Amino acid sequence: MLKIEDVTFRYEGSKRPALSEVSLEINRGEFLLIAGLSGSGKSTLLRLLNGLIPHFYRGEMKGRVLVDGVDTREASVAQLSRKVGLVFQNPDNQIVTLRVDREIAFGLENLGLPREEIIERIDEVLKKLGIEHLRKRSTAELSGGEKQLVAIASVLAMRPDVIVLDEPTSELDPFSSARIAKVLGNLNREGVTVIVAEHRLDLFAPKASRMIVISNGRIVREGHPRELLYRGDISLHGVRPPSVVKLARKYGVVEARPLAVGELIVALRRGVRIDRS
Amino acid sequence: MLDPMGMVEIFRTQVGETPYSKLNPLTKFILFASFIALPLISASLLMQIFSLVAQIPLIILSRSERRVKRSLKASLLFIVILVVLNYLTTHSLEFSLAMVLRLVSMIIASAIFMTGTSPAEIGDLLTKLRIPLQITFSFVIALRFIPVLADDVVMIITSQVSRGYELEKGSFLEKVKRLVPILIPMIIIAIRRGHQLAEALETKAFGATEKRSSYVVYEYGRGDWILLIYAAIIIVVGLMVGTLTPQFQLLPFRY
Numbered sequence: 001m002l003k004i005e006d007v008t009f010r011y012e013g014s015k016r017p018a019l020s021e022v023s024l025e026i027n028r029g030e031f032l033l034i035a036g037l038s039g040s041g042k043s044t045l046l047r048l049l050n051g052l053i054p055h056f057y058r059g060e061m062k063g064r065v066l067v068d069g070v071d072t073r074e075a076s077v078a079q080l081s082r083k084v085g086l087v088f089q090n091p092d093n094q095i096v097t098l099r100v101d102r103e104i105a106f107g108l109e110n111l112g113l114p115r116e117e118i119i120e121r122i123d124e125v126l127k128k129l130g131i132e133h134l135r136k137r138s139t140a141e142l143s144g145g146e147k148q149l150v151a152i153a154s155v156l157a158m159r160p161d162v163i164v165l166d167e168p169t170s171e172l173d174p175f176s177s178a179r180i181a182k183v184l185g186n187l188n189r190e191g192v193t194v195i196v197a198e199h200r201l202d203l204f205a206p207k208a209s210r211m212i213v214i215s216n217g218r219i220v221r222e223g224h225p226r227e228l229l230y231r232g233d234i235s236l237h238g239v240r241p242p243s244v245v246k247l248a249r250k251y252g253v254v255e256a257r258p259l260a261v262g263e264l265i266v267a268l269r270r271g272v273r274i275d276r277s
Numbered sequence: 001m002l003d004p005m006g007m008v009e010i011f012r013t014q015v016g017e018t019p020y021s022k023l024n025p026l027t028k029f030i031l032f033a034s035f036i037a038l039p040l041i042s043a044s045l046l047m048q049i050f051s052l053v054a055q056i057p058l059i060i061l062s063r064s065e066r067r068v069k070r071s072l073k074a075s076l077l078f079i080v081i082l083v084v085l086n087y088l089t090t091h092s093l094e095f096s097l098a099m100v101l102r103l104v105s106m107i108i109a110s111a112i113f114m115t116g117t118s119p120a121e122i123g124d125l126l127t128k129l130r131i132p133l134q135i136t137f138s139f140v141i142a143l144r145f146i147p148v149l150a151d152d153v154v155m156i157i158t159s160q161v162s163r164g165y166e167l168e169k170g171s172f173l174e175k176v177k178r179l180v181p182i183l184i185p186m187i188i189i190a191i192r193r194g195h196q197l198a199e200a201l202e203t204k205a206f207g208a209t210e211k212r213s214s215y216v217v218y219e220y221g222r223g224d225w226i227l228l229i230y231a232a233i234i235i236v237v238g239l240m241v242g243t244l245t246p247q248f249q250l251l252p253f254r255y
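One line per chain: the protein sequences are Z and U, in this order. Everything in the first sequence is counted per the numbering used here, starting at 1 for the first residue and increasing by one. Everything in the second sequence is counted per the numbering used here, starting at 1 for the first residue and increasing by one.
For reference, chain Z alone in the conformation it holds in the complex:
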């Protein structure tokens, strides 16, 4: 449903292209994890998906991006926002109103939906994310994790087919990060296509159905995280593999290919000899 065809993009004022000849197809129901260091082109790739590039950012673009068969150059960001919802890194910079329910209503008001439907959708997303208690709270008083959940809720309320998140946990504590990862896993199970850019793989690798690694504006690896992370060479172009993978290698349970802590424990219990040498 999302198709990037041979895209090269260079931001205005920059010499090197941020993305070079990238092609990628994303299907409905996937959980795609995009790994890569800062400056590798992750965010640029995400901005292509909802039309922020080329509509909001100036630069030179080759190739094309199709959302449900529509070229992003032909549609406005507002039109695309109904299909692709984008959640940014810093929750503070994307919350625009003073109260949680109003924040979720904001995008829906922009779409001109009737009030009854807005209320219905607010109820729905608050319940889905388990944050009903925040409904009437002031957005300024929320914790970082709560703010990010509200940001996700406000994007989800617009009922996009795909939700795209740009390093959603980089400003959060480990506990809130885990909560975000869990929420995204649940959403994906309910049929929402999820795309997450992260360099911390521990939380998202176990949930992803596919993973790509970007380096210097090119896709350098692609595959299921289980295969990718246990392939012969450790180097992922600077991306640190999850601790579970390191431990699995250390204790010699590589053949079980665990990604989550639980899987690692099961693999160890199965009587694989622990080699501490």
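Hints are not guaranteed to be accurate.
If you want a taste of the chain U side facing chain Z, the calculated C-beta under 10 Å gives, among others [unchecked claim]:
| no. | residue |
| --- | --- |
| 1 | R193 |
| 2 | G194 |
| 3 | E202 |
| 4 | S213 |
Over 10 Å on every C-beta distance to chain U, these chain Z residues come out as not near it, computed from the model [said to hold, decoys possible]:
| no. | residue |
| --- | --- |
| 5 | G59 |
| 6 | E60 |
| 7 | D68 |
| 8 | H133 |
| 9 | A178 |
| 10 | G191 |
| 11 | R221 |
| 12 | H224 |
| 13 | S243 |
| 14 | G252 |
Don't read these hints as lab results, they were simulated from the structure. Note that the structure is a prediction, hence the values are computed from the model and not measured. Here a beta-carbon is modelled for each residue, glycine too, at the ideal position from N, C-alpha and C.
With chain Z fixed as given, assemble chain U onto it according to the hints.
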């Protein structure tokens, strides 16, 4: 020193629940406008006393006695200056007193309005008064970002100070110059935040439709009608006090 946290306090959206705060924002605004207009109808002392007394029910309904007291205390110096200047120019104690009471009743009207109306309601009110969305939205966004930028300022100050930067040193002019290393990062951060905010607005389809719908709807309750009628009566009585009875105008030099 700056007290950014104190500034944050003002912009909490949870206004205390009082009979006044539950009113329709438009009612509150009409009341506010009436009580600003009332003392301006005439300069007579009687008029000013009337407009003060007429506000007593609102003070009680909004439970804003403390805020009123605080506002008056804060403007005490201003009031004294006003009395002195008026007396020096008109040599009429009565007129000076009337001018002070006029100011006081306007201060009270504003204090009541500000305690009982949340910033979000003011934003909605502006929309209702047909002010373009770009302007009302800028107002709400400014309020939204005050606590965020206040946090940024605290962060910049603490990080500069912890690297040995002495903020409060030297003469007044030097102190002002010493603010530059606080201001420059502040401006850069604000611009960056603004850019990301614009991106977020794009993705939330801001400005997508001509007719934006509205999630928050304010209703008119019985209280609203009673107070609107009250405002109308006050204005009518005020006009009578101000214009129909010249013998009551306790202002000799007008004739």
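Here is how each hint holds up against the structure:
no., hint, result
1, R193, "holds, 5 Å"
2, G194, "holds, 9 Å"
3, E202, "holds, 5 Å"
4, S213, "holds, 5 Å"
5, G59, "holds, 15 Å"
6, E60, "holds, 20 Å"
7, D68, "holds, 17 Å"
8, H133, "holds, 15 Å"
9, A178, "holds, 24 Å"
10, G191, "holds, 21 Å"
11, R221, "holds, 28 Å"
12, H224, "holds, 29 Å"
13, S243, "holds, 31 Å"
14, G252, "holds, 46 Å"
In terms of the numbered hints stated before, the structure departs from none.
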